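Line by line, the protein sequences give chains A and B.
So in the numbering used here, spot 135 of the first sequence is number 135, and the numbers just go up one at a time.
With the second sequence counted from 1, adding 164 to any position gets you the numbering used here.
Since the hints were derived computationally from the structure, they do not count as laboratory data.
Please read all numbers here as calculations on a predicted model, not as lab measurements.
Idealized CB from N, CA, C, for every residue including glycine.
Hints are supplied without guarantee of correctness; some may be wrong.
Covered stretches of chain A (chain B as the covering partner; in silico rule of three or more C-beta atoms under 8 angstroms from a C-beta of chain B) [claimed, not checked]:
#1 37-51
#2 75-86
#3 95-102
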Amino acid sequence: MYAPVDDNTQGFMHDHLDDYETGDTNADGDPVIRQPIRIFSPADVDKFMQILDRNKNDGNNFSQYYSTLVTSTGTYTLKFSGAASEIKTGFQGPTWGGKFIHYFAKAKGNNDMSKFLRFVRDEMKITGLELYEIKKGGILANRVQLNPDNENRVTSTPCAGGVS
Amino acid sequence: MKKVILIIQILTMVVSSNAQRTISLDSAYNYWRNPNGFPDDVTYVKDVDNKLDRFVGIWKGFARGRSYELHFTKITTVPKDTNEIKWDQLVGKVLIKDSVTGTVIYNSLDSSGMNFTGFTFKRNQYNMSFTENTECGDGGDVFIMTVPGNNNKLWFYIVNDADLLTPSDCPGGLENYRPLFPFKKAIYFDRQ
Chain A
1 MYAPVDDNTQ
11 GFMHDHLDDY
21 ETGDTNADGD
31 PVIRQPIRIF
41 SPADVDKFMQ
51 ILDRNKNDGN
61 NFSQYYSTLV
71 TSTGTYTLKF
81 SGAASEIKTG
91 FQGPTWGGKF
101 IHYFAKAKGN
111 NDMSKFLRFV
121 RDEMKITGLE
131 LYEIKKGGIL
141 ANRVQLNPDN
151 ENRVTSTPCA
161 GGVS
Chain B
165 MKKVILIIQI
175 LTMVVSSNAQ
185 RTISLDSAYN
195 YWRNPNGFPD
205 DVTYVKDVDN
215 KLDRFVGIWK
225 GFARGRSYEL
235 HFTKITTVPK
245 DTNEIKWDQL
255 VGKVLIKDSV
265 TGTVIYNSLD
275 SSGMNFTGFT
285 FKRNQYNMSF
295 TENTECGDGG
305 DVFIMTVPGN
315 NNKLWFYIVN
325 DADLLTPSDC
335 PGGLENYRPL
345 FPFKKAIYFD
355 RQ
């Protein structure tokens with residue numbers, strides 16, 4: 001899919017697939033199964049940053065902009081609470097895609113959210129990005145942050161009234 | 165004798181509690197795309213059975229009017245910090261030519277980066293990632309294995325990874341772009 005960004009774009013939503021059979025078998029006759037990464041990629045983050053970048057001269061109120069990702073493990077939303085000076089783009093392309101795959105494969109961490117948050121902070125060096133999660137079947141969103149005592153884990157703080 | 169066994173058991177527990185655990189490439193399959201990730205004590209994903217050795221070398225194959233030459237090597241990547249896991253990996257490069265004219269379509273053999281990096285085994289099937297021209301929707305998950313009964317023949321299969329595309333970033337335009345490998349098609353290579 002592709003999602004063009006213009007001056008009227010406030011946000012967008014897409015999904016990442018569950019593990020799925022490709023429909024083909026390998027040389028042993030076993031089905032080939034794809035396992036997509038179920039959290040935002042650098043390209044997803046870049047897309048969100050592009051929306052912010054288009055609107056950064058409208059004053060420092062970025063709360064209306066969002067990007068949402070639906071997966072089988074939960075629905076995630078990105079928001080931005082930083083200043084215009086913290087908006088960064090340029091994370092499309094194979095270099096960042098490759099870095100992300102390697103990081104995700106090899107970083108420790110007992111969930112995708114902690115790996116994602118560390119990747120954004122330590123590799124992409126982006127500040128001001130906020131991650132929210134709505135668990136499957138839930139209504140209210142939780143703000144997800146790295147656990148300061150163990151960054152392989154996250155803390156979830158309920159947001160009153162959902163994500164605004 | 166019982167005291168000796170007890171002391172050995174206690175010592176083993178003490179050592180294990182500080183243990184840095186090594187697991188096989190097969191075991192890693194269960195963790196690497198699991199949202200719960202790797203256990204904290206896993207520090208090395210190792211090719212304990214040398215299953216990667218069968219892929220090392222040069223392989224040639226043809227598909228849809230193109231000739232392919234794969235160069236695979238085995239490496240151990242060392243983590244930069246304690247948050248990463250040491251990993252025995254197969255990595256690789258490729259030379260792609262038009263099989264009629266011999267024109268080079270793509271050549272990463274002399275570049276420093278590796279297009280192919282591998283991760284885990286699911287039985288005899290090894291899974292890798294191929295990264296190139298992602299702004300044109302290229303690249304994806306690669307699956308390889310040697311053909312049963314013929315260690316000199318390689319089965320190769322790539323599935324598109326395209327998630328978000330930015331057509332305006334694709335050089336020459338997305339509509340004119342042809343992926344380097346045909347997606348979802350078995351390609352057979354011969355060992356050189």
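Hints versus structure:
1. Closer than 8 angstroms: that is the beta-carbon criterion, and the segment 37-51 of chain A has 6 residues meeting it against chain B, so the requirement of 3 holds.
2. Counting residues of the segment 75-86 of chain A whose beta-carbon sits less than 8 angstroms from any beta-carbon of chain B gives 0, not enough to reach three: the coverage restraint is violated.
3. For the segment 95-102 of chain A, the proposed coverage by chain B is satisfied: 4 residues have a C-beta within less than 8 angstroms of a C-beta in that chain, meeting the threshold of three.
In summary, the structure is inconsistent with hint 2 from the numbered list given earlier, while agreeing with all the others.
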